[in-house]
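Trainee: In case you want the letters, here they are:
Number of protein chains: 4
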Amino acid sequence: MTVRHTTRFTVEFGDCDPAQIVFYPNFLKWIDSAARHLFVAAGVPSWAEMEAACGIIGAPLVEVTARFVRPATYGDEITVESWVDEWRAKSFVVQHVVRRGDDVLVEGREIRIFARRHPDDPKRIVAVAPPDDVRRRLG
Amino acid sequence: MTVRHTTRFTVEFGDCDPAQIVFYPNFLKWIDSAARHLFVAAGVPSWAEMEAACGIIGAPLVEVTARFVRPATYGDEITVESWVDEWRAKSFVVQHVVRRGDDVLVEGREIRIFARRHPDDPKRIVAVAPPDDVRRRLG
Amino acid sequence: MTVRHTTRFTVEFGDCDPAQIVFYPNFLKWIDSAARHLFVAAGVPSWAEMEAACGIIGAPLVEVTARFVRPATYGDEITVESWVDEWRAKSFVVQHVVRRGDDVLVEGREIRIFARRHPDDPKRIVAVAPPDDVRRRLG
Amino acid sequence: MTVRHTTRFTVEFGDCDPAQIVFYPNFLKWIDSAARHLFVAAGVPSWAEMEAACGIIGAPLVEVTARFVRPATYGDEITVESWVDEWRAKSFVVQHVVRRGDDVLVEGREIRIFARRHPDDPKRIVAVAPPDDVRRRLG
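Residue numbers (this note's numbering), protein chains in the order written: chain F, 1 to 139; chain Y, 1 to 139; chain U, 1 to 139; chain H, 1 to 139.
Just so you know, the hints here were simulated from the structure itself, not pulled from any lab data.
Any given hint might turn out to be false.
Said to hold, decoys possible - FRET-style restraints, in silico, Cβ to Cβ:
| # | chain 1 | residue 1 | chain 2 | residue 2 | range |
| --- | --- | --- | --- | --- | --- |
| 1 | Y | Asp85 | U | Arg70 | 42 to 52 angstroms |
| 2 | H | Ala52 | F | Glu63 | 31 to 41 angstroms |
| 3 | U | Arg136 | H | Ala52 | 58 to 68 angstroms |
| 4 | F | Glu63 | U | Gly55 | 23 to 33 angstroms |
| 5 | F | Val69 | Y | Pro119 | 19 to 29 angstroms |
| 6 | F | Arg117 | Y | Pro122 | 33 to 43 angstroms |
| 7 | U | Arg70 | F | Arg137 | 26 to 36 angstroms |
| 8 | U | Lys90 | H | Ala52 | 50 to 60 angstroms |
| 9 | F | Arg117 | U | Thr73 | 19 to 29 angstroms |
| 10 | Y | Glu86 | F | Val126 | 34 to 44 angstroms |
Unchecked claim - For the chain Y half of the interface with chain U, some residues (derived, Cβ under 8 angstroms), not all of them:
| # | residue |
| --- | --- |
| 11 | Phe13 |
| 12 | Pro18 |
| 13 | Pro25 |
C-beta atoms are modelled at their ideal positions from N, C-alpha and C, and glycine is treated no differently.
Take these sequences, add in the hints, and give me the full structure.
Mentor: So this is what it looks like as structure tokens:
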């Protein structure tokens, strides 16, 4: 069963721009944080532990799409509901819905890979198949 | 002819995360800035002037997609090349290519609308057709 | 009696820099937010309400000092305890202590003024005495 | 002779808050960047090189004070002039003046230490005397 995790944030004055609404890259900041909180909540080991166990050093983003439905402003309490929506051969999709109460504010879709260091050049990375243990935990 | 504008940024230490690379929402920050610099370079009037002239109060984002091709780190000098790639009935697409030298780092695609205040409720906005003058200036 | 308010924050991955610790300007971001939450918790009217009632448009910062005692990293839950430490003729001091559990991480001290628009030039501001009602609420 | 270095920044829309002026922690972000650019301009080796040569892993901040004299807004071109103002036994002071043209906007004062890992606990750091080579380069 797919694990869904909800992370809460408060929109602060400094998150908003001269148009009085959230400066949009901040929604991506919250979405990135929500992806990490989903992994932690599902019991996925830390990157340091995974590097020691199987050489995976992280899950970098390769593509993100966000649709902005309604603005938010400071004082708003928002939630980000996040889950892995799709497992692919060498990548996976994390879906996010940002809401204020029941109102959808933003829909985000991240495509991430699991990365290992390139055997010939430790500065480069290569995408590897999502580990079974991680897939089991995230559903 | 389409106006293309290039904005330069320096990646700073504080723009990078514990993985030593740019924290991805910062690329969206630069892309958002580049869109504004494109408008300024093309001679598009300020929002204050446009509101007075035709009621348009801004060009809010409705969707953004970014593909991350290569990472960047602090000390890197990057450029963002930006242009309006498509005019639609009630929206337009701004395309961005972020580079370090000749290497493409990120490709970004913003869909924006021109917004006027709703006649019955000044807190809401409505999308209006891109003004001819703005289309002419941006090509 | 002085009102003390505690605001909670979670340190996120993106708040940290390549040294793996919080990028220091983010502590100031939390301190600024905590000052606003102190005002809200004490029942101080919004700036829009205060401008209508007595012409005060905000409480801009004129000086800030922060002492960094211990670093923090992502996953840390931190608190900011805030209170008005001193009322002066035309300014006031907000003191902040940032902690993780009982450990002090940062001590911050903001000097702010209450600002009204200059009668001859609405772009300039002038400092005015802290209003009695606000002083009573914040103690 | 003291090395003075000037770093240039453009204030972007997203650097400003609902009061239409720079959100103050962003001034600290620019000041932090300016301190690094001062070191680079003076030819101070990178932290990776210094760690290999003498065990110094960085120059963390222990205290910062900023005085805000005039606000700035988006479109403003600003400069930060930076220099080491004082060498102490186990710390040093970096002074910064942020200007728009000739107008001073912010005066910042950072106290930093040179840090080495604690011999008994690599997670802790200890302050060491500023290295002679670095002092010579920064004047």
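Trainee: Could you work out which earlier hints the structure fails to respect and list their numbers in ascending sequence?
Mentor: 4 and 6
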